[in-house]
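One line per chain: the protein sequences are A and B, in this order. At position 98 of the first sequence (counting the first as 1) the number is 98 in full-length UniProt numbering, and the numbers step up by one without a gap. At position 86 of the second sequence (counting the first as 1) the number is 86 in full-length UniProt numbering, and the numbers step up by one without a gap.
Hints in this document: simulated from the structure, not taken from any laboratory. Please note: incorrect hints may appear among the correct ones.
What the hints assert, rightly or not - Computed footprint of chain B on chain A; a stretch qualifies when at least three of its residues, placed anywhere within it, have a C-beta under 8 Å from a C-beta of chain B:
hint: 1; stretch: 168-181
hint: 2; stretch: 278-290
hint: 3; stretch: 315-326
Don't be surprised by glycine CBs; every beta carbon is placed ideally from N, CA and C.
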Amino acid sequence: MLYRTAGQFKTSYEADHALFPVKQDAWLLGFILVLAFVVFPMTANEFAFKALLTPVLIYALAALGLNILTGYAGQLSLGTGAFMGVGAYACYKLLTIFPELNILIAIGLSGFFSAAVGVAFGLPSLRIKGFYLAIATLAAQFFLVWLFEKWAWLYNYNASGAIQVPTIEMFGVAVAGPNARAIVQYYFVLCVVALVTCFAINITRGRIGRIWKSVRDMDIAAELVGINLMKAKLSAFAVSSYIVGISGALFVFLWRGAAEPNLFDIPLSFRVLFIAIIGGLGSILGNYLGAILIVALPVIIGTLPATFGIPISSSMAEHLNTMIIGGLIIMFLIVEPHGLARFWEIIREKLIMWPFPH
Amino acid sequence: MKRLLKTTLLCAALAAGTVLAAPAIAQDSVSLPNLSYRTGPFASTGIPLMNGQRDYMMMLNERDGGVNGVTLGYEECETGYNTEKGVECYEKTKATGIVTQPWSTGITLQVLPKSNVDKIPILAPGYGFSAMQDGKTFQWAFNPPASYWDGANMVLQAISGGDLASLSGKKIALLHLDHPYGKEPIPLFEQAAEKHGFTLLPIPVGLKEMQNQSAQWLQIRRERPDFVLMWGWGAMNAGAITEAVKTKYPMNQFVGIWWSGHDGDMKVSGEAAKGYRAISWSLPNSQAPAMQDIKKHIVDTGKSMIDQAGGEFDWVFYQRGVLISAMLAEGVKVAQEHFDTKVVNAEQLRWGLENLKFDEARIAELGLEGMIPPFSTSCADHTGHSGAWMIEWDGTKFNKVSELLTADRAAIDPLVETAAKDYAAANAPWPVSEECKM
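Construct the complete structure from the given sequences, taking the supplied hints into account.
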């Protein structure tokens with residue numbers, strides 16, 4: 001009923017291939033944007049900003065980067081955490097060498113560093129595929145984290161070996177560091193994420209996206225129809241690592257405020273990979289759904305005992321939390337192995353036909 | 001039918017939720033959150049400490065009804081030693097909590113800059129940054145009664161027999177966790193190595209290698225250092241002790257920091273680890289009146305979570321947890337008396353922690369005789385520098401084997417000053433209090 005498409009006629013090919021062939025999709029997106037830009041900031045408290053909204057956006061962005069590589073171009077990667085680290089350390093170095101640099105520009109530039117590193121570690125993808133490539137990117141993961149620990153120049157010879165974010169202002173408003181307000185940081189992250197998502201939607205729907213998909217589905221066939229595999233794979237690594245890099249910079253500068261090298265270790269890579277897989281490989285929406293499930297849901301479940309006054313210890317709550325989230329992941333994967341995005345697709349199709357399924 | 005069942009279950013769950021959510025009895029209380037870790041790779045060391053902290057607070061509530069009639073609301077927020085959870089817990093507890101106990105150098109790093117903005121004191125007894133000693137720069141952070149640099153200096157004194165010059169020409173390995181915590185003492189050791197002419201050999205142990213340190217101990221065997229000092233935590237301690245036993249490294253040349261002197265870790269090697277020493281600012285004294293009160297009010301009544309069969313009550317770490325809570329409760333009490341109020345807020349507690357007086361008389365009054373050396377904090381000195389003892393493992397437990405050692409201030413204070421200045425500069429604009437007199 002809500003999704004009735006009756007009366008929406010397509011009279012041209014352009015209309016048929018539009019971003020929102022069904023009007024309701026556009027309304028839904030508009031509703032979500034209003035929610036994100038207006039309703040949440042008006043209602044959320046600092047805890048919600050810091051523990052729910054901002055991290056979900058940042059993790060979704062990282063998963064989006066990985067999804068371009070794995071979901072669209074079909075190249076497995078286990079080095080996401082390290083590429084996030086490259087972005088974060090690049091941003092740190094840029095901002096300490098040029099303190100007057102605008103943070104937005106620094107974050108944008110830091111993506112290029114991780115893109116370069118990503119391309120370098122993507123070179124083996126020209127020869128190897130699948131799990132073998134995953135192992136090659138795993139090497140990047142170990143090497144880069146080792147580098148973050150050993151190369152003291154990266155963290156300005158700080159005795160603790162960690163990087164810390166000083167107060168950084170943009171147009172007179174503190175956006176990063178201890179003095180920044182959570183709502184400012186949220187808006188900053190939201191704008192960057194919205195911008196990158198817009199870019200990602202366009203690139204994956206266009207010529208380059210089709211090239212990637214053809215490489216993913218069958219690279220030999222793609223080569224036979226004249227696609228340059230090297231260009232295709234390396235461009236996927238570059239774009240993916242760029243997005244992952246800026247998510248890493250946001251991760252440290254707009255959310256954490258400090259980072260030690262082992263933060264970017266393999267658990268972070270796995271976390272982002274889980275978000276991408278559970279959300280749905282080869283979709284943009286899935287990254288957000290996955291991030292909500294993996295990042296936000298544990299936090300929400302964690303607050304339940306206190307809100308309902310259930311007297312269990314916090315460690316017990318933590319154990320239960322892990323079990324519930326694990327169970328949910330398995331459940332979702334059984335119900336829909338192609339991820340939450342596909343799950344939503346099915347729901348949407350059913351809604352369009354409802355109440356008269358054929 | 002199925003739906004009916006579901007609805008009934010849901011209703012039952014909701015009803016249970018509301019019943020349990022009955023409002024707490026309105027009584028004066030202060031909220032003292034603790035970012036605990038009873039899960040994760042460091043749980044084995046975390047649990048006895050958390051138990052000690054919890055039991056002391058509960059004992060005060062049971063025995064005296066809190067502090068001056070104000071109930072101490074000890075609340076744990078589980079982090080699993082994960083910095084991400086740490087941020088979450090900090091945000092969750094800062095609205096009501098009047099203190100932050102971060103329990104991890106990584107989490108301390110994240111909350112330290114925020115302490116100036118949120119105005120909540122950080123209590124990090126025996127851990128965190130050594131430079132937190134400088135109360136002018138770190139107005140909201142406290143690490144009583146001794147810092148890592150104090151510990152490093154005292155360890156050097158202990159192994160040199162009091163005269164650091166005798167270390168000249170020796171080779172000292174520093175086996176440390178490759179983490180902000182493990183790197184903390186390196187600047188002090190480097191300075192001492194230069195001054196006293198010994199060779200320092202830092203051997204990092206990555207978080208992934210904690211349980212398998214064969215590469216590190218191969219290096220130790222090859223280099224044959226005169227002493228191995230350890231800055232280890234969690235699974236790393238037991239791993240190192242096992243490897244040391246395996247490579248037959250002489251235990252009397254193996255010394256750890258206070259977080260590496262944990263009964264649970266030593267039990268794995270037992271007799272074989274006899275002679276291993278650690279520096280410690282706390283001593284277990286199960287006969288102390290406060291400990292007996294905990295036994296009477298909490299342990300014997302079954303309210304404690306400790307492993308009684310395993311002898312956790314006598315462990316160094318359990319009783320150190322008790323001492324940490326004692327410092328916090330004392331901070332609350334000092335603040336209450338100074339501000340003549342019952343329920344202190346974060347700002348008043350900061351004053352309280354800044355004016356802790358743990359002298360012999362007060363320690364005896366609290367019933368903690370022989371457990372902690374006397375110390376006192378001040379506006380400029382947030383550490384207090386109690387000094388520490390050497391404790392030695394005899395195969396079943398740790399025993400005190402030295403007189404009270406005190407750190408050489410002349411070797412540490414200049415370093416603290418530079419480190420604090422560097423920190424303030426790197427995090428500019430950073431407020432520095434000029435009111436304190438050094």
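Results of checking the hints against the structure:
For the stretch 168-181 of chain A, the stated coverage by chain B is satisfied: 3 residues place a CB nearer than 8 Å to a CB of that chain, which reaches the threshold of 3. Given as covered by chain B, the stretch 278-290 of chain A fails the check, having 0 residues with a CB less than 8 Å from a CB of that chain where 3 are the minimum. Counting residues of the stretch 315-326 of chain A whose beta carbon lies closer than 8 Å to any beta carbon of chain B gives 4, which reaches the threshold of three, so the coverage claim holds.
Of the numbered hints listed earlier, the single one contradicted by the structure is hint 2.
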